[in-house]
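There are 4 protein chains.
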Amino acid sequence: MGSVFGNNIKLSLFGESHGEAIGCVIDGFPYGINIDYDFIDSEMDRRRAKNAKLATARTESDKPEILSGILENKSTGMPIAAIIKNENKISGDYSNLKIMPRPSHSDYTAMLRYDGFNDIRGGGHFSGRLTAPLVFAGALAKLALKEKFDIEIAAHIKQIYNIKDKYPNNTFPTYEEFISNYNKELSVFDNEAMNKMISIIEEAKMNMDSVGGIITAAAFNVPAGFGDPFYSSIESRIAQSMFAVPAVKGIDFGLGFDFVNYKASECNDLYTIKNYNNIKKVETKTNNNGGILGGISNGMPIIVNTVIKPTPSISKEQLTLNIETKEEDTLIIKGRHDPCIAVRAVPVIEAALAIAILDLCIDMKGKLL
Amino acid sequence: MGSVFGNNIKLSLFGESHGEAIGCVIDGFPYGINIDYDFIDSEMDRRRAKNAKLATARTESDKPEILSGILENKSTGMPIAAIIKNENKISGDYSNLKIMPRPSHSDYTAMLRYDGFNDIRGGGHFSGRLTAPLVFAGALAKLALKEKFDIEIAAHIKQIYNIKDKYPNNTFPTYEEFISNYNKELSVFDNEAMNKMISIIEEAKMNMDSVGGIITAAAFNVPAGFGDPFYSSIESRIAQSMFAVPAVKGIDFGLGFDFVNYKASECNDLYTIKNYNNIKKVETKTNNNGGILGGISNGMPIIVNTVIKPTPSISKEQLTLNIETKEEDTLIIKGRHDPCIAVRAVPVIEAALAIAILDLCIDMKGKLL
Amino acid sequence: MGSVFGNNIKLSLFGESHGEAIGCVIDGFPYGINIDYDFIDSEMDRRRAKNAKLATARTESDKPEILSGILENKSTGMPIAAIIKNENKISGDYSNLKIMPRPSHSDYTAMLRYDGFNDIRGGGHFSGRLTAPLVFAGALAKLALKEKFDIEIAAHIKQIYNIKDKYPNNTFPTYEEFISNYNKELSVFDNEAMNKMISIIEEAKMNMDSVGGIITAAAFNVPAGFGDPFYSSIESRIAQSMFAVPAVKGIDFGLGFDFVNYKASECNDLYTIKNYNNIKKVETKTNNNGGILGGISNGMPIIVNTVIKPTPSISKEQLTLNIETKEEDTLIIKGRHDPCIAVRAVPVIEAALAIAILDLCIDMKGKLL
Amino acid sequence: MGSVFGNNIKLSLFGESHGEAIGCVIDGFPYGINIDYDFIDSEMDRRRAKNAKLATARTESDKPEILSGILENKSTGMPIAAIIKNENKISGDYSNLKIMPRPSHSDYTAMLRYDGFNDIRGGGHFSGRLTAPLVFAGALAKLALKEKFDIEIAAHIKQIYNIKDKYPNNTFPTYEEFISNYNKELSVFDNEAMNKMISIIEEAKMNMDSVGGIITAAAFNVPAGFGDPFYSSIESRIAQSMFAVPAVKGIDFGLGFDFVNYKASECNDLYTIKNYNNIKKVETKTNNNGGILGGISNGMPIIVNTVIKPTPSISKEQLTLNIETKEEDTLIIKGRHDPCIAVRAVPVIEAALAIAILDLCIDMKGKLL
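Chains as they are written, first to last, in the UniProt record's numbering: chain A, 1 to 369; chain B, 1 to 369; chain C, 1 to 369; chain D, 1 to 369.
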C-alpha cells in the first residue's frame, strides 16, 4: 500500500525530490540472480535525458548505491536496498509553492492529504524523480525474469500528440525489433514518425508548452496459464503497477479502447497451431486481447498501452489560485521542464510492467525457484 | 488476491455458473449502516436483462439470501455473506467444452491454469454471472458511502460501437441527471444516440454477432485529499477493482487516452473558487484529470471510463482449435447470448467503483467511522 | 485482515452464532485435490461434544453444505464456499445481554468496537461456533497438505488444569501415535493422566466452573528450508492463525517459555545424520526449537503449544457491571456451558495450524503445484 | 511479507550484518509528528551494550541517517527511510561457515531456503543487528503513538534463567514506574532480583555459555474498543510483529500460559467502575486477559510476555555437522558473544509492540489523523 507494491515481492519506494536521497527496497527478490551492472546502468541511462532538445533532466548521475541483498554479483534472496543521493538539493525558501499550487499537479491535493506537512519542493515524493529507483527495480526484475523464466520486456512510443508510430510489415514486432530502437533518438519504429514527433516536441518546448504520448509495452514469453481471475487478473496487477507512474492517466490491453469499434466476429482471437522446430504450440491468429483471457496469459505477448498526459509543469504563464487570498493569480513556473515526459517514460513503463510480471511469476512458481 | 479485493474491506467472490450457488463475503463492512432492501433489489434488477431484444439473461430471480452481518436492517460490522442459488444448473455432459475452447474466452487459459480441474460449464467461476454478487456488494457499498460520506456513484453508456452519447449542455452531468436515465431502455443521456445504439445491438443480435461499449462512471462528493501516491493511488485502486469485471480491457480517468491530443496549456485544470451558499470551495475550471491528481482526490467528480469488449460468445460459426486432434475445427456456441454485454454492465461498473471508493474511505477515516 | 487469513490462500470466515448460517470461503485452494467427505465429516465430528459429561455443545448437525469450488469430488482451484445453517437460532429478546456483559468475554469490547450494532446473541461472530467452518477449512487444508506435500498435522491435550500428559518412551510421538488417540475420550497419550483430566473437568462442571488447557500440535514432514525471515517467519504465520481461535491466550514453539530454564549448552539442537533406507537425512538430536530456526523449517516436526483459557461462561454467579446503572450487579449466565473448551479445541488448533502451513507451502512452491 | 510488516503502515527492514548498511523504510507513517532526535538516540542507546560484563556488542555507533520523510523535524507523511552503515564489515573468507552451521541458528535453514546464495557472514539478514533499524522504527512509532493517541509503551525483564522480577506492591506498575528502571543496569523492578540476574549472566559468560529470559511489555492507554476478531485480533497483530524478533520462541498475553492453573471463577476479569477526577471509567478488577477480549482492547494495559531463548552462539565447544563430509565435527565459534541477549532485547520488544499498536491505531482511526 502507499508506495509499496506486490504480493510475493514487496517493492517499497522512498524519497523526495529535494531530500537526502531517493531509493527503494525490494523484498522477496529471487536468490541467485546474476546482477549485470552494465545492464542496470544502461536502463538508468535510458531514463535520463539524452537530447537537450527533447528533455530537460536535472544533470545528476543517478547512480544507485546498492546497500544490501547482493553478494559477489548475485542476489542473496534478502531485501535489495538501493539509494540514489540527491545532488541538486534546494535549501531555499519554498513557502510560496504552498500558496500557489501548480495546475494539474499533486501540489494542492498532497497539501490537503498531508495537512501541509509534506515536502512540496519539486513535487516531493510525487516527483518524477522517484521513477529512478523504479527503473532500478525494473532492471533487476528484468534480469530475474530473463534468467528464471526467459521472459523479456520492451516498449516503444506509440504516439506523441497526433503522430502515431507504425510497425514494420504491420506485424507486432519481436523483442529484438523492439530493443533495436533503443539507441535511436526516440524509441519509435517508424523513422518518419519519429522525426515528426521530434518536431512536435521541439515546437512545444519553444512555446513553453508540453505534449503527451502513448507508450506500448510488451512482455514476451510469459507462459500460458499464468494469472488469476478477478482482482489478481494480470490486468489488475499490471494496472496497479502502471498507475503508480506519475502522469499515467489510462491503460488498456491489446486492442483496448479500440475494441469498441469492432464486432466479436471481427475481433475474436481464433486459435491455431504453429510449428516451432517441430514443437507444436497453440497460438491465436490475432492478439487483440493482448495475451490475456480471463485474467490469465494465453502465451501470446502481453501488450499494454498507457497514456502519459502532457507534463503539467510548463513555463507558459498560467492562472492558478492563491490559497491565501483565495483569488486567482498568475503563476510562472521557473526552471526548465520536459516538453514531453513520455519520451523518458519508456523505460519507466517497462519497469512497472517487469515488476508486475515478476510478482505474478513468483505467485505461480513459488519463492523456491 | 484472486477473487478477494480490498485493504480494509475484503470482498471475497465465489461460485460457478452451474454450481450450487454464487455469492460473496464482505469483511470489514462498516457497522450501523441502514440496509435498504428495495435499493438492493433495484440494483440487482438493473443488472438483469429488461429488454429481450437487447440482452438474453438466464431467467433467474437472482435474489441474494443474506446469511450474516445484518441485524434488524442494520449492518453489524461483522462479515456480510450472501448467496444466490443457481436455478438453471446444467447437469449434462460438458466434456466437449474442454476440447473446443471458445475464442477470446477464458476456457483455454483457465484449463491451463487449473490443469483442467476447473468447472468449465458456462465459464465456471469466470462467468459473467459472478457480477451478480458484485452488484450486491456494490449496492451495500453505495449505501455505506451515502450514509457515512455523502458520496454517490453513477454511470452511463458513453459509446456502443460507433455511437457516442452526448451530455446535456455539454457539461458533465450531476448525479441526479445520471440516475434519471436508469429507467430508460439504456442508461444514455441523448435519446437519439440511445435509439441508434439500440438499432446497432439489434442488428448484431440478428447477425448472431455482438458489439462492445464504453461506460463512464463517476463518484460524486469524494472529499478532496483522499488517496495515496503510487500503488495506492485512487487510479491504482479503481483499476484493480475494474479489471475484475469480465470483458473490461481498458480503463482511463478524465480525458484519459484523449490527453494525447492536447497540449498542457490546453488541458491543465486551472483552479478557481466557487461559492455554494456563501461557502467558498476550491474547484477546477475543467476536470480533465477526472478528479484525481497525484493519486489523490481534488474534490471534483472522479470520472472513470472503461471499455467492454464485444461478448466473445456469439452464435455465429467460428473456427477454433480441437485440443485433442490439434487441428482447427468449426465451433457453434449454442444457447442465447447477450449481443452487447455493456448494456447490463452499467451497474456492475458502478459496483466496482463503489467498492474501491469505500475501501479508500475506510483507509482515510478508519474503521471506527 | 479481520476474519480473513493468508497470503496466497485467503480464508474468509463469516456468520454469527444465532444468525442464518456460519461458513467460510477459501480462495486460492489448490486444484485437483481429492475431497474425502468422510474425512471432513470425521474432523467435524471431533469438534462436536462426544461425552455429555465433558462438553455441552448445541446439538446441531453442523453439516457443511459446499456451494462452490468442488466438482466430481475434486477441488477446481476456484474459491470453495461452504455454509453451516444455524438450527438453534434464538429469536427472543437479548437486550439484557448488552447491559450485563459477561466477564472475560468479548461482549463489552465488541459493543464498544461496533458501537452496539453487533449481534451479541451467543457471542455473535465471536462465538466458538465459528470454529466449525474453521475445522472444515482445516480439513481441506489437511487433504491438500497430504496429497501435495505429504505433510501431516496432529495434536493432543498436553495439560488440563494441573494434570500433564506424558509421551510414551519420553519421545515426541509420531503422527500415527498422535492419531491413535483420536478415538479416546480425550486426545491424550497417557491414560492415567486422561482419567485425572476427566475427573477435573467433571468436578469443574459440578461446581458450575470451568478449567483451561494446553494443546500441543505438530506438523510432520514439512520440508527443510520452507519459511521466511521476520514477519513471514513460520512462527509469525502460525501465531497469526492461532490467535484467531477464541480463548487462545498464548503460543510457543518447541521448548517455548521453558527455554528460560536452560543454558544454550543444554538446549542447543545439535545436528546429526540419520539413515532412512540408505538415504542420509540431516536431523537435529533434540527438537527444542520446534522445527524452526530463523523462521525457516529445519525438517524436524514443527511443534506448537497453545494455551486455552478456562471458558469464561460459567453458570456460577458472578459480579459484573450493569452498563446502564453503572453499578456492579450479579450475573447468572443461563444455559449449559463447556466446562473445558480445550477438549473440543484439539481439531480447531490443528485446523489453524494446517491452514497456516498450507499458505506457507503455496508461498514456497507456487500456485501451480 | 518477508521483512515487511503492517496493514496501513508498511515497515520494510533490510540489510545484512556484514553488508554495506542495514536500515528500514516506514511507509504510511503519520504526518506532522514531532521528531525528537534525542529520544531516538536514547532508544538506540538502550539497545547497545552498556555493561561489558553483560553484553558484547560490536562497538559501532549505530547512528541512523534519515534519508526521507522528515522535514524541519516533522514527519511529512511520506515514507521514512533510514540507514545505519556497517562499520565492522568483514571481507575475509567465510566459506567455512557454510560447511559448519552453528546449532540452533539460521545458518543451515537459510542455506537451504536460499540455495546457498544468502550472505551467511554474521548471520546475514538474520543477524540480531537488524534489530537496530527495528528499534529506530519503534522509536518513531512511540513518538506517533504518544502525540496522536497518548499511548505509551514500556517493558521490563520478567525473568532471567530461574530468577524472576517482582512488582512493587504486587501491582502491575505504571508507565512511569516502568521507565524509571531504564537507567539501571538491567530493566528490572526488584533490585535483589536484578543483582542475582547479573550474577547468573556473568557466570554464563565465564562458562562460555548463555542464558535466556522473559520480557514483559505493556501498552498503556490504548482506547477500549480497538481491534478486530480473528486474524486481526490484537494478539494476532502483536504476535506477528514479535516473532520477527530473533530468538523469540513464545508469546502470551496477561496470565498467558499460566491460565491453565486457574478456574474461570478465579481468573475471570470482573468489571468495575473507577473514578478519575469525577470521570467514571469502566475497568476490570484484575487484568488477567492482558487488556484484550475477543481480540479487542478493553482499556486496561495491554500486557504481553515473550521468551527469548539463550543466545545459541556460545564460545563453548559444540558438536555440529560438517555439511561436506556429512560427519559430526567440533565447532568453536570465535569472537565474543552476548551471554544473555534478553538484556538488550528490552527496547526491541518494545519496538515490535509499538509498531503493531501504531498499525492498529491507524486501522481504527484512519490515515487522516
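Calculated from the structure, these hints are not laboratory results. Remember, predicted model here, so these are calculated numbers, not experimental data. Among the clues, some could well be false.
Identical chains blur together in the list; that is why a pair holds if it fits in one copy or across any two.
With a straight-line Cα cutoff of 25 Å, these simulated DSS-like cross-link-like pairs (lysine-lysine) come out [to be verified]:
1. LYS365 x LYS148
2. LYS74 x LYS98
3. LYS148 x LYS74
4. LYS263 x LYS316
5. LYS53 x LYS263
6. LYS326 x LYS285
7. LYS196 x LYS365
8. LYS146 x LYS365
9. LYS334 x LYS285
10. LYS334 x LYS263
11. LYS63 x LYS89
12. LYS63 x LYS326
13. LYS63 x LYS316
14. LYS98 x LYS281
15. LYS334 x LYS146
16. LYS74 x LYS85
17. LYS63 x LYS85
18. LYS326 x LYS281
19. LYS196 x LYS263
20. LYS166 x LYS263
These are the hints, each one checked on the structure:
1. For the homomeric pair LYS365 and LYS148, the shortest alpha-carbon distances inside one copy (10 Å) and between copies (15 Å) are both at most 25 Å.
2. Within a single copy, LYS74 and LYS98 get their C-alpha atoms only as close as 45 Å, which misses the 25 Å cut-off; across copies the closest is 17 Å, which meets it.
3. Taking the shortest alpha-carbon separations for LYS148 and LYS74, only the intra-copy value of 13 Å comes in at or below 25 Å, while the best inter-copy value is 31 Å.
4. For the homomeric pair LYS263 and LYS316, the shortest alpha-carbon distance between copies (11 Å) is at most 25 Å, but the shortest distance inside one copy (44 Å) is not.
5. Within a single copy, LYS53 and LYS263 get their C-alpha atoms only as close as 43 Å, which misses the 25 Å cut-off; across copies the closest is 17 Å, which meets it.
6. Taking CA atoms no more than 25 Å apart as the test, LYS326 paired with LYS285 passes between copies only; the shortest distance there is 15 Å, against 59 Å inside one copy.
7. When the C-alpha separation of LYS196 and LYS365 is checked against a cutoff of 25 Å, the pair qualifies neither within a copy, at 45 Å, nor between copies, at 49 Å.
8. When the C-alpha separation of LYS146 and LYS365 is checked against a cutoff of 25 Å, the pair qualifies both within a copy, at 15 Å, and between copies, at 20 Å.
9. Proximity of LYS334 and LYS285 under a CA criterion of 25 Å is satisfied inter-copy only: 23 Å between copies versus 52 Å inside one chain copy.
10. In this homomeric assembly, LYS334 and LYS263 come within 25 Å of each other (Cα to Cα) only across copies, at 19 Å, whereas the closest approach inside a single copy is 50 Å.
11. In this assembly of identical chains, LYS63 and LYS89 lie within 25 Å of each other by CA distance both inside one copy and across copies; the values are 16 Å within and 23 Å between.
12. Taking identical chains as interchangeable, the C-alpha atoms of LYS63 and LYS326 are never at most 25 Å apart, the minima being 43 Å within one chain and 45 Å between chains.
13. In the homo-oligomer, the alpha carbons of LYS63 and LYS316 never lie at most 25 Å apart, since the shortest distance is 32 Å inside one protomer and 46 Å across protomers.
14. For the identical chains of this complex, LYS98 and LYS281 are inter-copy neighbours only, at 17 Å across copies versus 58 Å inside a copy, given an alpha-carbon limit of 25 Å.
15. Taking the shortest alpha-carbon separations for LYS334 and LYS146, neither the intra-copy value of 43 Å nor the inter-copy value of 41 Å comes in at or below 25 Å.
16. With identical chains, the CA atoms of LYS74 and LYS85 are at most 25 Å apart both within one copy (24 Å) and between copies (21 Å).
17. With identical chains, the CA atoms of LYS63 and LYS85 are at most 25 Å apart both within one copy (8 Å) and between copies (18 Å).
18. Proximity of LYS326 to LYS281 under the C-alpha cut-off of 25 Å is restricted to the inter-copy arrangement: shortest distance 10 Å between copies versus 65 Å within a copy.
19. Proximity of LYS196 and LYS263 under a CA criterion of 25 Å is satisfied inter-copy only: 16 Å between copies versus 33 Å inside one chain copy.
20. In this assembly of identical chains, LYS166 and LYS263 lie within 25 Å of each other by CA distance both inside one copy and across copies; the values are 24 Å within and 22 Å between.
Violated hints, listed in ascending order, are 7, 12, 13 and 15; each of the other numbered hints is respected by the structure.
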